[in-house]
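Chemist: Here are the chains, one letter per residue:
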Amino acid sequence: MAVHPLPYSDFVIPASAAFPNGRVASRPFLRIALVNAGLRLSCYALVDSGADYCAFPRSFMQPVGLDALTSPIDQTTGVSTASVPTHFANVSIDLQGLVEFPVYAGFTVGLEQMGLGLLGQVGFFDRFNISFSKKVCYIEIPDPHP
Amino acid sequence: MMLAVKADLSKLLAGIPKGAWVALSQDEEHVIAYAAELQEVIIKAREAGEQDPIITRVPETDSASLIL
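Each protein sequence line maps, in turn, to chains A and B. Quick note on numbering: this note's numbering labels position 32 of the first sequence as 32, and the sequence is numbered without any gaps. Quick note on numbering: this note's numbering labels position 19 of the second sequence as 19, and the sequence is numbered without any gaps.
I should point out that these hints are in silico values taken from the structure, not numbers from a laboratory. Check before you lean on any hint, since a few could be wrong.
Simulated pairs of lysine to aspartate or glutamate, EDC-like, Cα-Cα distance not exceeding 20 Å [claimed, not checked]: (1) B:Lys11 with B:Glu28; (2) B:Lys11 with B:Asp27; (3) A:Lys135 with A:Asp48; (4) B:Lys44 with B:Glu29; (5) B:Lys18 with A:Glu112; (6) B:Lys11 with A:Asp10.
Examples of chain B residues lying across from chain A (beta carbon under 8 Å, computed) [unchecked claim]: (7) Trp21; (8) Leu38; (9) Ile42; (10) Asp52; (11) Pro53; (12) Ile54; (13) Ile55; (14) Thr56; (15) Arg57; (16) Glu60.
Quick caveat, the model's predicted, so the values are computed rather than measured. Beta carbons are placed, not taken as given, at the ideal position from N, Cα and C, and that holds for glycine.
Build the full structure now, drawing on both the sequences and the hints.
Modeler: Structural data, given as C-alpha cells:
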C-alpha cells in the first residue's frame with residue numbers, strides 16, 4: 001500500500017462584493033483521464049467527499065465513446081442548480097498511471113460550465129482510503145502486485 | 001507526489017474567451033487550442049500534434065467560488 005500526497009492547488013479568485021480584496025481558494029484538484037473502449041480524455045477532477053458519485057460534464061461522454069441516448073438517467077442536484085438529468089455509464093479512471101479502476105459515473109450538464117469532474121463517494125472514496133490534512137489530500141493506493 | 005493542477009491556470013487562460021473549452025499540453029505549460037465546442041478543441045489539439053491534451057474550460061464568471 002502506498003500513500004500518495006496530493007497538495008491542494010491555489011486559485012486566485014478576483015475581488016467581488018463579498019471579498020473586495022480577492023482571495024485564494026485552495027482545492028484538492030488532480031489530473032485524471034477517463035478511459036473507455038481504447039479512447040481517452042484527460043481532465044481535472046476535484047476530490048469531493050460531498051459528491052455521491054463520480055461525475056463529469058455530459059460532453060465528456062462522446063470523446064470516450066459513451067452514448068448519452070442509451071445511458072440510464074437519474075436526477076442530480078448541487079447547491080446552485082435545480083435538479084438536472086444525469087446520464088450514468090461505466091467508464092474507467094486512470095489515476096496518473098498509478099491505478100486504473102472502473103466507476104459507474106454520472107455525466108451531467110450541471111458540470112458543463114466548470115468543465116471538470118468530481119471524484120465522489122461511490123467509485124472513489126469507497127475504493128481508496130482518503131484523508132485530508134491542511135492543504136494536502138492523501139490517497140492510499142494498493143500495490144498493483146502485492 | 002500526485003499531479004495536482006500545476007499552478008494557478010488563470011494566467012495561462014488569460015485572454016481566452018469565457019466559456020471556451022481549452023486543450024492544454026501535458027506539461028500544462030501551453031495552451032494548444034481553444035474552441036467553443038469540446039469536440040472542436042480536441043480535433044484542433046490532435047491536429048497540432050497533442051494526442052492526449054488536458055481538457056478544461058475557462059469559467060464564465062471571474063469570481064468563481066465552488067460550493068458543490
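Chemist: Could you check the structure against the hints above and give me the numbers of any it violates, in ascending order?
Modeler: none
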